[in-house]
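Please work from the sequences and hints to get the whole structure.
As you go down the protein sequences, you meet chains A and B in turn. Under the numbering used here, the first residue of the first sequence is numbered 454, with each subsequent residue one higher. Under the numbering used here, the first residue of the second sequence is numbered 454, with each subsequent residue one higher.
No wet-lab data here; the hints were simulated from the structure. Note that CB positions come from ideal geometry on N, CA and C, so glycine has one too. You may find that some hints are simply not true.
Ranges of calculated distance between the beta carbons of each label pair, as one might list FRET restraints [to be verified]:
1) B/G469 with A/E677: 50 to 60 Å
2) A/Q684 with B/P633: 24 to 34 Å
3) A/R463 with B/A528: 33 to 43 Å
There are 2 protein chains.
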Amino acid sequence: MDDYLFHLTRSALFAGVSEADAAALCDSLRCRRAFYPKGSVILRRGEYVERAGLVLSGVVQAERNGADGALRIVARHGALELFGDMLTASGIRKSPVDVVAAEDTEVLFLPLSELMRDGGSVCCEARMRMRLNLLSQLSEKYWALNEQLELLRAPTLRTRLARRLLAARRTRESDSFTLPGTRETLAAELGVNRSALSRELGKMMREGLFTARRGHFVLHDVAELERLAAQ
Amino acid sequence: MDDYLFHLTRSALFAGVSEADAAALCDSLRCRRAFYPKGSVILRRGEYVERAGLVLSGVVQAERNGADGALRIVARHGALELFGDMLTASGIRKSPVDVVAAEDTEVLFLPLSELMRDGGSVCCEARMRMRLNLLSQLSEKYWALNEQLELLRAPTLRTRLARRLLAARRTRESDSFTLPGTRETLAAELGVNRSALSRELGKMMREGLFTARRGHFVLHDVAELERLAAQ
DNA sequence: TTCCTTTCGTTGCAAATGCAACAGATTTTT
DNA sequence: AAAAATCTGTTGCATTTGCAACGAAAGGAA
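Structure below.
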């Protein structure tokens, strides 16, 4: 796909940048595109990262080996999402994860340090736009992590669940939504045992707080959930 | 203190920037200095933040009201440390905390968006240096949060404690160190009850893993601690 | 359909943690 | 020094959660 520029300008990083400017900038920064067949390794644990990656198509996974040796999927990045930016930005950190292509994937690599260099008269405005977009991206990742942390700080499973559901309600803007993954996934997010999660889900449903069937949730008593979440 | 420029270049944000360049840059960016007497409010919860703050002298605290109304100190920033950067970078978020001067404090405010704008021929190199420093700062805050999260994900208090002590050992580069704050502080970091912490500390000491007296710790069996932390 | 695999809820029991109360130690204030 | 306030360890008891095992339900494949 050589029409990638159109897609590019739809990414958060290139938001507000024209197609022409995007092309000129990629050129001036010496960005490179690379194709990775499904399963191939993009980045190895322990490597230093000098360029952020923007997924043009496909999906990329960050993986890690747990203490028991079991494979843990730490993150997934789909089309137009950025990865490796935090490592590149730090400049000194080795990757704590392997990054592999979960499907056939095309990636655009961006040398962030080049982006920070003044570019003479070349797309001055677009450069600034992209720098601000980058800051915004980095900070959003920070705040997302912060929310995770608030979740885990909640004293009890009941509270965590309430917060998680209300968070989903906010982003989906509806009392009815589907959470990704299985119960096991949700349990991991909340940092608890799966059976403990099922137990608490059962209790809360019997109290009429919401209905859950597989991944689909319908909230019934938002007020009470908010009271719980406040703990 | 009008000799603040010397100090400034010792901060992480201005690392690698000469005193002269720092002065020129502050001028070009229209940075402003402000003095806050102890106890005064620098930033209110709910406000939008347009400038990052660099503490020139004194101490700044981020505070928040818990569910019960009790005051919680979320973060402290001493001399040469940066605050409000994540909020400024996001561009859209309201502050989730109040920021107040914990002592008489002088702050230098930096408009990050100005820093991202090409500056013609004015300190081109220094600008780039500072932009990279900023990225580095943001990412370090991210990774610090990430470490906190790993800590809370640990299945048991014993594991969390082992990780926390080994982390301290790494940064202090010694088997003997003092942790800031009281037991209550440490318990909060680990996300557990204080008495539970004391209990576990007692057990682990009886097993000869380390000695703890008030804030001071001496590690004795690092190998075993590492085995525990791996869980 | 039928078989097989994955997901899910349930439950009994063990382990970990929260909570509250108290006493000794330490630090700070008067 | 004396008194007051804070910090710390300890302990009994209630609650929460982890763990393991099992059967039912759901979804996919033969």
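Results for each hint:
no., hint, verdict
1, B/G469 with A/E677: 50 to 60 Å, "54 Å, holds"
2, A/Q684 with B/P633: 24 to 34 Å, "27 Å, holds"
3, A/R463 with B/A528: 33 to 43 Å, "36 Å, holds"
When the structure is compared with the earlier hints, no violation turns up for any of them.
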